[in-house]
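Enquirer: Sequence:
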Amino acid sequence: MKFKIIVLVFLMATIPSTLSATNKYDKKHMFNAYQGSYAAKYIQVEKANRINLMIDVWSGFPKNMWITLSGISVPVVDKKSSTCKMKLAQEGIKFSKEYFEKSKWIKVKNIFMERTDMIDGVASIYTDKGMLSDLLKKSGFARSSSIDAKIPWC
14 MKFKIIVLVF LMATIPSTLS ATNKYDKKHM FNAYQGSYAA KYIQVEKANR
64 INLMIDVWSG FPKNMWITLS GISVPVVDKK SSTCKMKLAQ EGIKFSKEYF
114 EKSKWIKVKN IFMERTDMID GVASIYTDKG MLSDLLKKSG FARSSSIDAK
164 IPWC
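Following this note's numbering, the numbering of the sequence shown begins with 14 at its first residue and continues without gaps.
Some hints could be false.
Stated by the list, open to error - Straight-line alpha carbon distances no greater than 30 angstroms define the calculated BS3-like cross-link-like pairs of lysine-lysine that follow: (1) Lys163 <-> Lys117; (2) Lys54 <-> Lys41; (3) Lys115 <-> Lys142.
Please keep in mind that the hints were generated in silico from the structure rather than gathered at the bench. Note that the coordinates shown come from a computational prediction; the quantities given were computed from them, not determined experimentally.
Using the sequences plus the hints, can you model the full thing?
Expert: And the structure:
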C-alpha cells in the first residue's frame with residue numbers, strides 16, 4: 014500500500030503543467046470547463062498572473078486549482094534576467110498577494126481547461142477591488158499577451 018501511494022505521488026509530481034513554464038497557453042486545446050462565476054478562497058501566488066485558489070465549482074465540493082489570468086503576460090525571470098526585470102516580477106507577486114489579502118471576496122469567471130481532471134486553468138479573477146489583470150496592467154506589472162514577448166520590460 015505504501016509503495017502505491019509513493020508511486021502515485023511521484024506520477025502526479027511529474028505531470029507537466031501546460032501553463033506554468035511561460036505566460037503562453039494554447040487556448041485552442043481548452044474548453045470552458047466551468048462557465049459562469051465561482052466563489053474562491055486565496056491560497057498562494059506563484060507569479061503575479063498565476064494564483065492557487067480553492068474554487069467552489071460544485072456546491073460543497075471545492076476544487077484546488079492553479080489559475081493563470083487570461084489575456085496578460087508578466088515578466089518571466091531566469092538566470093539571465095536583468096535586475097530591473099527581476100524586481101518588477103517580485104513587485105508584481107507582492108502586488109497580487111496584497112490584492113488577495115485585502116479583498117473581502119473573490120470570484121473566478123469562465124475557467125478554461127484542457128480536461129476537468131487537471132488542476133490548471135485559465136480564467137479572470139475579480140474581487141471587491143476590481144479585476145486583477147486590469148489592475149496588474151494599470152500598475153505596470155503586466156501587459157497584454159498580444160504584445161511581442163521580445164519587447165523588453167525595462
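Enquirer: Identify every previously stated hint that the structure contradicts and give their numbers, smallest first.
Expert: Violated hint (a single one): 1; every other hint is consistent with the structure.
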